[in-house]
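**Student:** Protein chains in written order, with our numbering: chain G, 1 to 331; chain Z, 1001 to 1081.
No lab work stands behind these hints, which were simulated from the structure alone. Being a predicted model, the structure only gives us computed values, none of them experimental. For every residue, glycine included, the Cβ atom is placed at its ideal position computed from N, Cα and C. Take the hints with a grain of salt, since some may be wrong.
As the list claims (entries may be wrong) - The calculated label-pair distances, taken between Cβ atoms and stated as ranges, are:
#  : chain 1 : residue 1 : chain 2 : residue 2 : range
1  : G       : 201       : Z       : 1060      : 25 to 31 Å
2  : G       : 38        : Z       : 1032      : 31 to 37 Å
3  : Z       : 1018      : G       : 21        : 43 to 49 Å
4  : G       : 105       : Z       : 1060      : 38 to 44 Å
5  : Z       : 1062      : G       : 35        : 37 to 43 Å
6  : Z       : 1006      : G       : 36        : 50 to 56 Å
7  : Z       : 1032      : G       : 106       : 44 to 50 Å
8  : G       : 144       : Z       : 1003      : 47 to 53 Å
9  : G       : 148       : Z       : 1062      : 47 to 53 Å
10 : G       : 104       : Z       : 1023      : 50 to 56 Å
What follows is the residue order along each chain.
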Amino acid sequence: MNLDQERAGVAVAACAAAPSPGARIMGLGAYRPVTVVTNAEAARHANVDPQWIEQRVGIRERRHAHGDETVVAMAAEAADKALADAGVPAAGVDVVILATCSMPTPMPNGAASVAARIGCEAAAAFDLNAACSGFSHGLAVADALVRAGTARRVLVVASERMSDWVSAQDRATGPIFADGAAAALVVRAEQPEIFTVAWGSDGHQAGLISVSAGTGRMEMAGRKVFRWTTTALLPAVESACRRAGIAPSELKAFVPHQANLRIIDALSHAIDAPGMVTATDVTVAGNTCAASVPLAFHTLRQSGRIHRGDPVLLFGFGAGLTYAAQVVLSP
Amino acid sequence: MSPDVNTLTHDIRGMIADLVQRPLGAVRPDSRLLEDLGLDSLQITELAQKIENAVGSPVDEDLLNAEGTTIARCAEIAVGS
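All chains, please: the whole structure from these sequences, using the hints.
**Tutor:** What follows is the structure in structure tokens.
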């Protein structure tokens, strides 16, 4: 125990001795809930044709969390796996960031509980709410903390239980939103492998995607959101590539928020990089909000279609409206 | 300068044939977007964006999305007549 701990009676998260020239993702982990919800079942609740769901949003199935699969529990599972992937013990984590917008209550935060569950009690822990762009925001914060020397290792976890906040009867949201968690461990690096984020917001359009204070259920203006994502967001893609010092055509992979397959296809088509793989995890995971980018990234890496060092564009966007894009080198 | 209605009608037929993946011959000027061609609301938005790129000005999506709107009517909406 150091002097600070003796005086305060609490553990204080460690920091690095000096700033770092860069940061990198060292490990990834994911947790997908046990229960698979087919289109047949989702369609029955929403009173639509099962084929209508796949044609409209490209989703074939999604996972719904039940019982003990809470936001915190799923986050802890994903975090444990990311640490195992990196080969780093939990005690070495200085900060836990939990990106979520679906905690059951506003207090306490989820991050501290995740830190306690996985065994890094001394870590600073806070939640971050940027909805579907939450993981990308968290990764940008983690990168900055590590580069500044404020932290040596940061766990960025995204976990969502959107099924608690949508009505299964609402055809605009019920068949689309789903549950899951994924995590990334960010550590120091001799060269930057997480490049400067291109991010922003448009609060004038806050009403397009929201949880109604009256009903407690999610509402979304699908057509307007579609138009925003397929037109207004492209400059962020170009900025993120420019800040990484590469042309969009040099990207090896594109991992956008898994909103729906038509948005993903439209963005991928607009980037038009010949050797680029585009993540389409939405087909089996639905839209898991903040968890969608790291879940899709994890799946893509597991598939062997991307390799260590490949430039990958991560791009979160959603309610707020908020957006954050950054190029990373694949771990 | 925006194209005339006839040219635009032809262009829109091509856009829609591409969207709904049907041969151009099956997409006629009097075909209705919703009823005959089965476009859904997101496809209407995609179409609106394509038309806007062609004419260089905003198109009222709600008019395109109205019942009974034909391809020829789309072109009229796009040029503001």
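**Student:** Which hints from the list above does the structure break, by number from lowest to highest?
**Tutor:** Per hint list: zero violations.
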